[in-house]
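K.L.:
What follows is the residue order along each chain.
Number of protein chains: 2
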Amino acid sequence: MEKIVSLCKRRGFIFQASEIYGGLNGFFDYGPLGVEMRKNIKDAWWQDMVQRRDDIVGLDSAIIQHPKVWESSGHIQGFSDPMVDCRESKMRYRADQLFWAAVVVDGDILGYVSLLEDEGMEAKAAEMADTLKRKLQRQGTLQPIQLRPYTEASPDLYDKIPSPATGKPGTLTPPRDFNLMFQTYVGAVRDESSVAYLRPETAQGIFTNFKNVVDSTRVKIPFGIAQIGRSFRNEITPRNYIFRSREFEQMEMEFFIEPGDGWKQWHEYWIRERFEWHKSIGLKESMLGYQVHPKEKLAHYSQACTDITFHYPFGVQELEGIAARGCFDLTQHQNGSGKSMEYFDDTHKTKYIPRVIEPAVGVDRTFLALLCSAYEEDEIDGEPRVVLKLHPRIAPIKAAVFPLVKNKPELVEKAKTLFKKLQRRWNVAYDASGAIGRRYRRMDEVGTPFGITVDFETLENGTLTLRDRDTTKQVRLSEPELLAAIEKNLQQDL
Amino acid sequence: MEKIVSLCKRRGFIFQASEIYGGLNGFFDYGPLGVEMRKNIKDAWWQDMVQRRDDIVGLDSAIIQHPKVWESSGHIQGFSDPMVDCRESKMRYRADQLFWAAVVVDGDILGYVSLLEDEGMEAKAAEMADTLKRKLQRQGTLQPIQLRPYTEASPDLYDKIPSPATGKPGTLTPPRDFNLMFQTYVGAVRDESSVAYLRPETAQGIFTNFKNVVDSTRVKIPFGIAQIGRSFRNEITPRNYIFRSREFEQMEMEFFIEPGDGWKQWHEYWIRERFEWHKSIGLKESMLGYQVHPKEKLAHYSQACTDITFHYPFGVQELEGIAARGCFDLTQHQNGSGKSMEYFDDTHKTKYIPRVIEPAVGVDRTFLALLCSAYEEDEIDGEPRVVLKLHPRIAPIKAAVFPLVKNKPELVEKAKTLFKKLQRRWNVAYDASGAIGRRYRRMDEVGTPFGITVDFETLENGTLTLRDRDTTKQVRLSEPELLAAIEKNLQQDL
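For the record, the sequence lines run as chains A and B. Residues 8 to 501 in my numbering are what the first sequence lists, from first letter to last. Residues 8 to 501 in my numbering are what the second sequence lists, from first letter to last.
Be aware that one or more of the hints could be misleading.
Each pair may be met inside one copy or between any two copies, as identical chains are not told apart.
[Unchecked claim] Simulated crosslink set (DSS-like; lysine-lysine; CA at most 25 Å straight-line):
id : residue 1 : residue 2
1  : Lys413    : Lys291
2  : Lys286    : Lys218
3  : Lys423    : Lys413
4  : Lys427    : Lys495
5  : Lys346    : Lys413
6  : Lys421    : Lys227
7  : Lys131    : Lys427
8  : Lys421    : Lys495
9  : Lys495    : Lys428
10 : Lys356    : Lys346
11 : Lys427    : Lys413
12 : Lys413    : Lys271
13 : Lys346    : Lys16
14 : Lys427    : Lys286
15 : Lys291    : Lys396
16 : Lys302    : Lys49
17 : Lys175    : Lys286
18 : Lys227    : Lys16
19 : Lys175    : Lys271
20 : Lys480    : Lys302
In case anyone wonders, no lab produced these hints; they're calculated from the structure. The structure displayed is predicted, hence computed values, not measured ones.
Excised from the complex, chain A in its bound form (with noise of 0.2 Å):
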């Protein structure tokens, strides 16, 4: 993860936000290379999930919506955390990531212990828990550690359990909600009637001009309506660099179906569907897997949620939910608004409140698991090289033209003009500086795919090399020929 941090900072992939002052806790900026990358992944979404098919449509709809919508979609009541304080560090934490068990001897509590959310936690406490036992000189046998969230201490615990910050037991707080919308005023007048919030999610807006969307263009049931757009969430603990921060971009649908059993196969298609597509943008399959949310576990109106997840550094985290809503988002707003939220079947002549598919993912997220895939370490002819094995169509830059050396004018002329040419169509780069040995390195360490020589031969009978940043074979090729394997790998052929 150090390795992958350090390398988009000195490639220019993601920089902290502010970083001058200090930086924002959870914000990030994207530099010239995360730039293209992440607009990569943004175009790859929107063409096969809205461009290439017949029956999604698009939206962009405003961060900032009247807050009635967020009433009704349930978010101001409850889309929040648990939250704990430290009264001594002043750290805050989220009381479900908080983790304590009680170190017991021969039947005997001796104390708490606790510590943040993990993957190797369980070693950990279990290491705390006896060097507590160590501490007070108390023989006999430790039980096995059991640990559970702050969340479900009960009340006479909390004076107990220590807290992280500070290893002491007493400072920390009950646990409370915290509502995790960005609030803000809208008007001059800062009162109850201004309040809005930034969306924590892009879903809304799609619900909300459902109606409108069906009035506007000739979409039938089923079909899908697709948004990308920043969401806002006041993260009590943003935490794993862009994974969860407080300010992030989301690609979301909402596929509309008509109510009844049918809703299970359109769930099992979509989640199909999106696992084929993380692959397909170059997600290795063996970090990728599934969840499926237990029953009990899903909100009161949720059919079921299936998430797509991906074997981070820091563990095995959700990258995608494929959650079935059924009517309740459009039910919401028919009620809160008072506007008919019904569909007209023109086929059955019937009026329903459609059901719902939402595969849901998260641009940065995304991206970051691009990079977990895509970074290697391997030797070329004895050399160590960094690489990043990305997809042509998610690489910020698609290739790399080479003059062989630099002082040969028609050399340098004739690169100059393919890269000319290419640029007219996507972000490539020109490097005539230093050993070609050394130009290949830069660009594979940035995920460069194609890398271009023009050489003596190009001189003599137009033909190129075409260097494969993974296999680093070289192939000659007709400019025509390059052309062509440059739009087919990109998926732009037509």
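Go by the hints and put chain B onto chain A.
P.N.:
Below, chain B alone, put in the same frame as chain A:
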């Protein structure tokens, strides 16, 4: 204007945000066609400003930055508009948009009139003055009306100038400054230490990352950093549809140059470049113009500023501003952060804080200008037609495929195959229902430049007819010729 607003709603370009809850003043949602057109505007800017140039790189910074960014940039202190309230009607106005004049007859002041800034306000005010004179049954000659903004009223007049809402004097407050930044709080505590703002411009995210970009890329002065993103301004009176909204999207580029007189040439260069760009995406030259900001109206640090204007239905307004900002912003951030913003020029072996030329344009303003420029009503074969003559790069749907009849399976299959092929690369439509003339009209109204008809001759020799939206002329082409024609018009040919 009403025609454009109505077309936008009817065909799914633009909806009022939170419409089902009565809307939220100053916020808009973009529907299925609007989101495509917005994306086309942004992609065209990015392609021409970043991808196709060797001297500009991109960036994507967070909307929420450390509050010190806005302290250094001067926004906390100075980013405000003068506001005036009507105590009776509770209406709120921008004081510089509220105009007033004394009504004078033969040297006597009869009273005052007031109204909101408007193209025809001079005539209206003269009429109001005349009405007042007649109401007071006063004889004599009315002096010509001299309108001035409320900000230039002396304090003794605040009680005498009538409110535009009620027509009565005595209810307007003195003007006072109102900061336009939306405020929020980051973290669970709401106090001074957690205040943050939604960015009012994307530019500062570029300045704060100046060193990060220099250190992580190979840029050399002169070079630019470009960014597209949402910005937020808590406008006192959002108006003119999407022209002045509270949430909007900007396309800004900061072009860094060396100190000295060279800035004048670069300023001229960017004014020309940007003017040509607006023409290149289809804005009529006759509707474009320039407005040079007079020296005395420039901010103290500003060297010069020229607007590219557009003649909107509500008047000639700023479309893009090209500002020569000197070294103000980088110097402010150097002072505020204590981090050096100096650039080491290794050609001249000198260090300096670069100067900046900033072309900044709004996506939404460009969107509206394009619609206004493209909207036409004409007659085709004696029938009235509404057509959006959008440039092919901007048009939300690039081409529509029509099978001439829908009851001939081979013809339909041929049309669908072509549609699927085009869909791989572009946003295209397929329409088989209704008379061919009606299908053309539907596409003309949303600006689709190419209509492709698959007819009986297609089955014989593979040729297709390509209909030009503007001339309605048709030519017969082979499929490769057709693809080449579309590519060329979209400026995607290699």
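K.L.:
Reference check for the pair Lys291 and Lys396, CA-CA at most 25 Å: within, between, both, or neither?
P.N.:
Within one copy, since 11 Å is at most 25 Å while 46 Å is not.
K.L.:
Are the CA atoms of Lys175 and Lys286 at most 25 Å apart within a copy, between copies, both, or neither?
P.N.:
neither (47 Å within a copy, 69 Å between copies)
K.L.:
Indicate which option fits the pair Lys495, Lys428 if close means a Cα-Cα distance not exceeding 25 Å: within, between, both or neither.
P.N.:
both (17 Å within a copy, 14 Å between copies)
K.L.:
How do Lys423 and Lys413 come out at 25 Å by Cα distance, when the copy is not named: within, between, both, or neither?
P.N.:
Close inside one copy (11 Å), not across copies (50 Å); limit 25 Å.
K.L.:
Can you give me the call for Lys131 and Lys427, within, between, both or neither, at a CA distance of at most 25 Å?
P.N.:
neither (57 Å within a copy, 56 Å between copies)
K.L.:
Under a CA distance limit of 25 Å, which applies to Lys286 and Lys218: within one copy, between copies, both, or neither?
P.N.:
neither (34 Å within a copy, 36 Å between copies)
K.L.:
At 25 Å max between alpha carbons, let me know whether Lys427 reaches Lys413 within a copy, between copies, both or neither.
P.N.:
within (17 Å within a copy, 45 Å between copies)
K.L.:
Up to 25 Å between alpha-carbons, please classify Lys175 paired with Lys271: within, between, both or neither.
P.N.:
The answer is neither: 50 Å in one copy and 65 Å across copies each exceed 25 Å.
K.L.:
Under a CA distance limit of 25 Å, which applies to Lys302 and Lys49: within one copy, between copies, both, or neither?
P.N.:
neither (32 Å within a copy, 43 Å between copies)
K.L.:
Between the shortest in-copy and the shortest cross-copy C-alpha distance, which are at most 25 Å for Lys227 and Lys16: within, between, both, or neither?
P.N.:
The answer is between: 19 Å across copies meets 25 Å, while 46 Å in one copy does not.
K.L.:
Is it within, between, both, or neither for Lys480 and Lys302, if the alpha carbons may be no more than 25 Å apart?
P.N.:
neither (51 Å within a copy, 61 Å between copies)
K.L.:
Is it within a copy, between copies, both, or neither that the alpha carbon of Lys413 lies no farther than 25 Å from that of Lys271?
P.N.:
Neither. Shortest intra-copy (62 Å) and inter-copy (34 Å) distances fail the 25 Å Cα cut-off.
In summary, the structure is inconsistent with hints 1, 2, 5, 7, 12, 16, 17, 19 and 20 from the numbered list given earlier, while agreeing with the others.
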